[in-house]
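Line order of the protein sequences matches chains A and B.
Start counting the first sequence at 1; every next residue gets the next number (our numbering).
Start counting the second sequence at 1; every next residue gets the next number (our numbering).
Do not rely on the hints blindly, as some may be mistaken.
[As the list claims (entries may be wrong)] Reference listing, derived: stretches of chain B covered by chain A, where coverage requires no fewer than 3 residues with Cβ under 8 angstroms from a Cβ of chain A:
hint : stretch
1    : 44-58
2    : 71-79
3    : 137-147
[To be verified] Sample of chain A residues with no beta-carbon within 12 angstroms of chain B, all distances over it, derived:
hint : residue
4    : Pro51
5    : Pro64
6    : Phe69
It should be emphasised that the hints constitute simulated quantities derived from the structure, not laboratory data.
Quantities reported herein were computed from a predicted structural model and do not represent experimental measurements.
Each residue gets a CB set at the ideal place from its N, CA and C atoms; glycine is no exception.
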Amino acid sequence: MITLTPEQQQDVARRFQGLATRWIATTRYRSNTQALRNHAVYQELVALGEPVVPLILLELERQPRVSWFIVLTGITGENPVPPAHAGQVNAMARTWIDWGRQRGYAV
Amino acid sequence: MSAELEGAFPSLAADGYTLASPKTQAHNCVAWAAGDASRWWEPGIFWPGPTGDDLAALTGLFAARGYVPCAGDELEAGYEKVALYADDQGNWTHAALQLPDGWWTSKLGPDEDILHRTPHAARRTPQALVGELYGQVQEFMKRTTQPSSEQSVGDEVIGNGLAVIEPERQQDLVAPE
Numbered sequence: 001m002i003t004l005t006p007e008q009q010q011d012v013a014r015r016f017q018g019l020a021t022r023w024i025a026t027t028r029y030r031s032n033t034q035a036l037r038n039h040a041v042y043q044e045l046v047a048l049g050e051p052v053v054p055l056i057l058l059e060l061e062r063q064p065r066v067s068w069f070i071v072l073t074g075i076t077g078e079n080p081v082p083p084a085h086a087g088q089v090n091a092m093a094r095t096w097i098d099w100g101r102q103r104g105y106a107v
Numbered sequence: 001m002s003a004e005l006e007g008a009f010p011s012l013a014a015d016g017y018t019l020a021s022p023k024t025q026a027h028n029c030v031a032w033a034a035g036d037a038s039r040w041w042e043p044g045i046f047w048p049g050p051t052g053d054d055l056a057a058l059t060g061l062f063a064a065r066g067y068v069p070c071a072g073d074e075l076e077a078g079y080e081k082v083a084l085y086a087d088d089q090g091n092w093t094h095a096a097l098q099l100p101d102g103w104w105t106s107k108l109g110p111d112e113d114i115l116h117r118t119p120h121a122a123r124r125t126p127q128a129l130v131g132e133l134y135g136q137v138q139e140f141m142k143r144t145t146q147p148s149s150e151q152s153v154g155d156e157v158i159g160n161g162l163a164v165i166e167p168e169r170q171q172d173l174v175a176p177e
């Protein structure tokens, strides 16, 4: 896990909030979020890397959105969702949040 | 009526539509058209069909559910139809299901589901969602109405567990000028 200074954390959080707002607007009305992997906002979110994982998990805890799953997988290279929960958005969000807690993220 | 919705889909207001249910993240358009309101159907999430982002993945999914390509959007007794949309990059974007009365039902990603049509009462096409977001309708597919998915609502039998528009509710529809 990457350790950031408080100033770096604030900068990452500020950049993330701007991108998160744009990502939610971009994915509104869309069912095929996987097709947005080349989208500039997706690319910028993934480029922020591991420091934004806990911020995304907090977003999922606040309101589960499918569009965050692709970003989490894009950053971490993982998909912890078991086949039994595939497609069940709330259960998928809980799985990701549990995954994050197991790895020590503050969620 | 929703100004945001009409901003995203400029043809909607002119063609006539109604909001049919509130926003939910639980399912999307493909799941809705397939009769499943409990899951989000998308490759990489849940997808009981050939994987991919392109239209072939979407047509393959509905083919696996018994649909075959058909010529157009006309209402055909004994058949249920889906309209499949793709953007100019070839990525599938949307699926709409035709109801027994000829209206089309669409779940708009993580947002509302709507009932829509065109102004021509005799030809209720799914063109109202065509545009920048969803691209064009690229394929129509049909299958015989599935007895197992039918249920009775009042005097009418509908497919996929979806509600038909009741006469009182039709008065609330956004009618074209």
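Going down the list of hints, with the structure as the test:
Counting residues of the stretch 44-58 of chain B whose beta-carbon sits less than 8 angstroms from any beta-carbon of chain A gives 4, enough to reach three: the coverage restraint holds. For a cut-off of 8 angstroms, the count of residues in the stretch 71-79 of chain B with a CB near a CB of chain A stands at 0, and the three-residue condition is violated. Coverage of the stretch 137-147 of chain B by chain A is violated [criterion: at least 3 residues with CB-CB distance below 8 angstroms; count 0]. Look at proline 51 of chain A: its CB is around 24 angstroms from the nearest CB on chain B, clear of 12 angstroms, so calling it non-interface holds up.
A cut-off of 12 angstroms between C-beta atoms contradicts the statement that proline 64 of chain A is not in contact with chain B; the least separation is 6 angstroms. Non-interface status of phenylalanine 69 of chain A relative to chain B is broken: a Cβ of that chain comes within 12 angstroms, the nearest being about 7 angstroms off.
In this structure, the earlier hints numbered 2, 3, 5, 6 are contradicted, and the remaining ones agree with it.
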